[in-house]
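Construct the entire structure; sequences and hints are all you get.
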Amino acid sequence: MKTKLWVSVILLVFALYIFMSFTQAVRFMSTGEPIAIAMGVAVFVIPALGVWILIREVLFGLRTEKMGKTLAELGELPEDLPRMPSGRFIREAADADFPRHKEDVEANPESWKSWYRLALAYDASGDRKRARSSMRTAVNFFVADKKASASSDK
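Under our numbering, the letters of the sequence shown match residues 489 to 642, in that order.
Everything labelled a hint here was simulated from the structure, so no lab data went into it. It is possible that some hints are incorrect.
[Claimed, not checked] Below are the DSS-like pairs computed for lysine-lysine, each with C-alpha atoms no more than 27 Å apart in a straight line:
#	residue 1	residue 2
1	590	634
2	617	492
3	635	554
4	557	617
5	590	601
6	634	617
7	617	554
8	635	557
9	554	490
10	635	601
11	634	492
12	554	590
13	557	492
14	634	554
15	554	601
16	557	634
17	557	490
18	601	557
19	601	492
20	617	590
21	601	634
22	590	557
23	601	617
24	492	554
Shown next as structure tokens:
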């Protein structure tokens, strides 16, 4: 809950920044001066890119949270690995557990559940880049499954 509160505060500050940036962009572009118009376009485009990135990341977080809750309800989350006192996973245990999840994805390449568990295994092994990539794949399959089930319900 604490994290969601901070995200909400950051989103509010970001929305204020976006509003102010767009206001400045309009002011620059309304001068009629070529350099000011170019600056206005830049002031408009850069925050718009930031909005797109923010929306993409928030949706990614919401979807991964929903997928995790779904797997937890089904009892299909991987078992918790042993941790060090700091809270980090013991690397040897994570590395020993990893092949099982990789084989699961190879056997079920279009299963969001398998990709989600593989992402957790990558994260536990310390490979954040592959963990994020695997989670993006899981999200893509999850969204496709939701769309397919929604169209079959019609």
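Hint check results:
As the CA atoms of residue 590 and residue 634 are separated by approximately 24 Å, the hinted pair is consistent with the 27 Å bound. Restraint check: the Cα-Cα separation between residue 617 and residue 492 comes to about 24 Å, which is no more than 27 Å; the hinted pair holds. Under the criterion of a C-alpha separation no larger than 27 Å, the hint pairing residue 635 with residue 554 is consistent with the structure, at around 15 Å. This hinted pair checks out: residue 557 and residue 617 have alpha carbons roughly 23 Å apart, not beyond 27 Å.
Of the supplied pair hints, the one linking residue 590 and residue 601 holds, its CA atoms being roughly 12 Å apart against a limit of 27 Å. For the hint linking residue 634 to residue 617, the alpha-carbon distance of about 26 Å falls within 27 Å, and the restraint holds. About 21 Å separates the Cα atoms of residue 617 and residue 554, which keeps this hinted pair within 27 Å; it holds. Proposed proximity of residue 635 and residue 557 is supported: the alpha carbons are some 19 Å apart, at most 27 Å.
Straight-line distance between C-alpha atoms of residue 554 and residue 490 comes to about 18 Å, which keeps the hinted pair within the 27 Å bound. Between residue 635 and residue 601, the direct Cα distance comes to roughly 16 Å. Compliance with the 27 Å bound is thereby established for this hinted pair. For the given pair, residue 634 sits about 25 Å from residue 492 by alpha-carbon distance, which is consistent with the 27 Å threshold. For a cut-off of 27 Å, the pair hint linking residue 554 to residue 590 stands: about 22 Å separates their Cα positions.
The hinted pair formed by residue 557 and residue 492 meets the criterion: a straight-line CA distance of about 16 Å does not exceed 27 Å. Among the hinted pairs, residue 634 with residue 554 is consistent with the structure: their alpha-carbon atoms are about 12 Å apart, no more than 27 Å. For a cut-off of 27 Å, the pair hint linking residue 554 to residue 601 stands: about 12 Å separates their Cα positions. Taking the CA atoms of residue 557 and residue 634, the gap is near 15 Å; set against the 27 Å cutoff, the hint holds.
A threshold of 27 Å between alpha carbons decides the hint, and for residue 557 with residue 490 the separation of about 18 Å falls inside it, so the pair holds. Distance check on the hinted pair: residue 601 and residue 557 sit about 11 Å apart at the alpha-carbon level, within 27 Å; holds. Between residue 601 and residue 492 the CA atoms are separated by roughly 25 Å; this keeps the pair inside 27 Å, and the hint holds. A distance of roughly 16 Å separates the Cα atoms of residue 617 and residue 590; the hinted pair therefore holds under the 27 Å criterion.
Between residue 601 and residue 634, the direct Cα distance comes to roughly 13 Å. Compliance with the 27 Å bound is thereby established for this hinted pair. Distance check on the hinted pair: residue 590 and residue 557 sit about 22 Å apart at the alpha-carbon level, within 27 Å; holds. Distance check on the hinted pair: residue 601 and residue 617 sit about 19 Å apart at the alpha-carbon level, within 27 Å; holds. With a C-alpha separation of about 14 Å, the suggested pair residue 492 and residue 554 falls inside the 27 Å cut-off, and the hint holds.
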